[in-house]
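Residues in the sequence shown are numbered from 414 upward in steps of one, following our numbering.
Derived from the structure by calculation, the hints contain no laboratory data. Here a beta-carbon is modelled for each residue, glycine too, at the ideal position from N, C-alpha and C. Errors might be hidden in some of the hints.
Cβ pair distances, simulated, as ranges [unchecked claim]: (1) Y524 x K436: 40 to 50 Å; (2) F473 x V437: 37 to 47 Å; (3) K435 x N469: 15 to 25 Å; (4) K436 x K517: 23 to 33 Å; (5) F420 x K517: 39 to 49 Å; (6) M491 x Q460: 25 to 35 Å.
With a cut-off of at most 25 Å between alpha-carbon atoms, the simulated DSS-like pairs for lysine-lysine come out as follows [what the hints assert, rightly or not]: (7) K436 x K519; (8) K436 x K480; (9) K436 x K517; (10) K517 x K435; (11) K484 x K436; (12) K480 x K517; (13) K436 x K492; (14) K480 x K492; (15) K484 x K435; (16) K519 x K492; (17) K484 x K519; (18) K480 x K435; (19) K517 x K492.
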Amino acid sequence: MNYINYFADSDIAILNYTFDQKKVGVLSTSLVYCNYGYFEYADPSGQFLDQTFSVNDIMFQLGHGRKLSDKLQIGINMKLAGSFYERYRSFALATDLSLTYFDKTKNFGSYF
């Protein structure tokens, strides 16, 4: 668990958990929350309107990785992200895929 209080009332909170299941590989999950603080509304001339709005991002991730052989590993992450800016809302699904090759005897590695 990590928490960072940045300048201008920005906050980031991260909660991670990873565990190794011998038969299926490594499983992971994380939750990331970013609060960018409050902003004041202003009219087109720049006059502040004595009202505020907040800006936030959130992401939830599930991951799985496993060894295919002594030299080859594979992994996948599934992510759900959301952004909440003023009255606007948006959501996205994302995936990360990884294939890693590493030969200890030749000190050579490559990934995709």
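Restraint status (C-alpha distance of K484 to K436 at most 25 Å) | 18 Å, holds
Is the straight-line distance between the alpha-carbon of K436 and that of K519 25 Å or less?
-> Not OK: K436 and K519 at ~28 Å, beyond 25 Å, violated.
Taking 25 Å as the top limit, are the C-alpha atoms of K517 and K435 close enough?
-> OK: K517 and K435 at ~22 Å, within 25 Å.
Given pair status - K435, K480, alpha carbons within 25 Å = Holds. K480 to K435 sits at ~10 Å (cutoff 25 Å).
Range hint 37 to 47 Å: satisfied by the CB atoms of F473 and V437?
-> Roughly 20 Å apart at Cβ, these two residues miss the hinted range, so it is violated.
Straight-line Cα separation of K436 and K492 no greater than 25 Å?
-> 24 Å, holds
Going straight from one Cα to the other, do K519 and K492 come out at no more than 25 Å?
-> Roughly 35 Å between the alpha carbons, so the hint for K519 and K492 is violated.
Under the criterion that the straight-line Cα-Cα distance not exceed 25 Å, is the pair K484, K435 satisfied?
-> 17 Å, holds
Is it true that the CA of K436 sits at most 25 Å from the CA of K517?
-> 24 Å, holds
Please work out if K436 and K480 have their alpha carbons no farther apart than 25 Å.
-> 10 Å, holds
Hint consistency between K484 and K519 [alpha-carbon to alpha-carbon, up to 25 Å] = 11 Å, holds
CB of K435 to CB of N469, is that within 15 to 25 Å?
-> 38 Å, violated
Hint violations for this structure: numbers 1, 2, 3, 6, 7, 16 and 19, all remaining hints satisfied.
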